[in-house]
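Engineer: Just so you know, we're using our numbering here: the sequence shown kicks off at 1414 and counts up by one.
Treat the hints as calculated values from the structure; they're not laboratory data. Predicted model only: the values in this text are computed from it and were never measured. Where hints are given, some of them may not hold.
Said to hold, decoys possible - The list that follows gives simulated cross-link-like pairs (lysine-lysine, DSSO-like), each with its CA atoms no further than 27 Å apart:
{"#": "1", "residue 1": "K1450", "residue 2": "K1426"}
{"#": "2", "residue 1": "K1450", "residue 2": "K1486"}
{"#": "3", "residue 1": "K1486", "residue 2": "K1441"}
{"#": "4", "residue 1": "K1441", "residue 2": "K1426"}
{"#": "5", "residue 1": "K1426", "residue 2": "K1486"}
Unchecked claim - Label pairs and their calculated CB-CB ranges:
{"#": "6", "residue 1": "I1553", "residue 2": "S1577", "range": "29 to 39 Å"}
{"#": "7", "residue 1": "L1422", "residue 2": "Y1453", "range": "10 to 20 Å"}
{"#": "8", "residue 1": "A1555", "residue 2": "L1583", "range": "33 to 43 Å"}
{"#": "9", "residue 1": "I1543", "residue 2": "L1415", "range": "19 to 29 Å"}
{"#": "10", "residue 1": "P1485", "residue 2": "R1581", "range": "53 to 63 Å"}
{"#": "11", "residue 1": "P1470", "residue 2": "A1554", "range": "36 to 46 Å"}
{"#": "12", "residue 1": "I1447", "residue 2": "N1510", "range": "26 to 36 Å"}
Positions of the beta carbon are idealized from the N, C-alpha and C atoms, including for glycine.
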Amino acid sequence: MLDRFMRRLGSEKVAERAGIARTLQGSKYDMTGIIAKVVYYAILLMTLQLAFGVFGPNPISNMIAGIVNWLPKGLVAIVIVVVAMAIANAVRDIVGNALSNASYGPAVARIAWAVIVFLGAIAALGQAGIATAITGPLLIAALAAVVGTVIVGFGGSMINPMRSRWERWLGSAEQETARLRGGGSAYQAGREDAMRNQPARDIESSRGDRGEQGGGETPPMA
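With these hints in hand, go ahead and build the complete structure from the sequences.
Structural biologist: Now the structure itself:
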């Protein structure tokens, strides 16, 4: 029932976007089947826990209880990995297509993919409670390195390059605005020249037409 329900929700589409379906292509199970098997064994362990509970407190019941308590964390960790992989692949495609004309486009796309996968893996390990003494400081160190690089860059050597880029961008915007305004003024000048070179007969006829439309001759000016 869980397998059918997840497939109707589109779990395999998410697995394809995350690249897990391609990884499990030669395997006996796909992502949905693996999750269904994990839930199956979780129910089996719960049944064994109830069965061994008849004998009172014993080491086997305690071990099974620990595994049963950890299984929801493991499922959430799997979901985090799948979602992180799907987001990383989508970001890589978007960045790669947006920067396809740039020489550094593929490198930026791969870096963005690696960063998202790294954060997803750390979040999954933290959720599962695996190597938390390592993943927590590692995540803090990575974030501190990124923040430190940004602070040092903007506070030091990147000020002048950013200033020159802003000046170049603003100069390009001003030139574009001037070009648009120049196009409008050129149109006005051409229209005035065309009206100035129009024959007098056409001008008088146009004035007469306007007078007739206005309801008669205009009174002479004093």
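Engineer: Each hint needs a verdict: does it hold in this structure or not?
Structural biologist: Status of the hints after comparison with the structure:
1. K1450 - K1426: holds (19 Å)
2. K1450 - K1486: Cα-Cα ~16 Å, so holds.
3. K1486 - K1441: Distance ~25 Å between K1486 and K1441 Cα, so the pair holds.
4. K1441 - K1426: holds (18 Å)
5. K1426 - K1486: With Cα atoms ~23 Å apart, K1426 and K1486 stay inside 27 Å; holds.
6. I1553 - S1577: 29 to 39 Å: holds (34 Å)
7. L1422 - Y1453: 10 to 20 Å: holds (18 Å)
8. A1555 - L1583: 33 to 43 Å: holds (35 Å)
9. I1543 - L1415: 19 to 29 Å: holds (25 Å)
10. P1485 - R1581: 53 to 63 Å: holds (54 Å)
11. P1470 - A1554: 36 to 46 Å: holds (43 Å)
12. I1447 - N1510: 26 to 36 Å: Cβ of I1447 to Cβ of N1510: about 32 Å, so the range 26 to 36 Å holds.
Checked against the numbered hints above, the structure breaks none of them.
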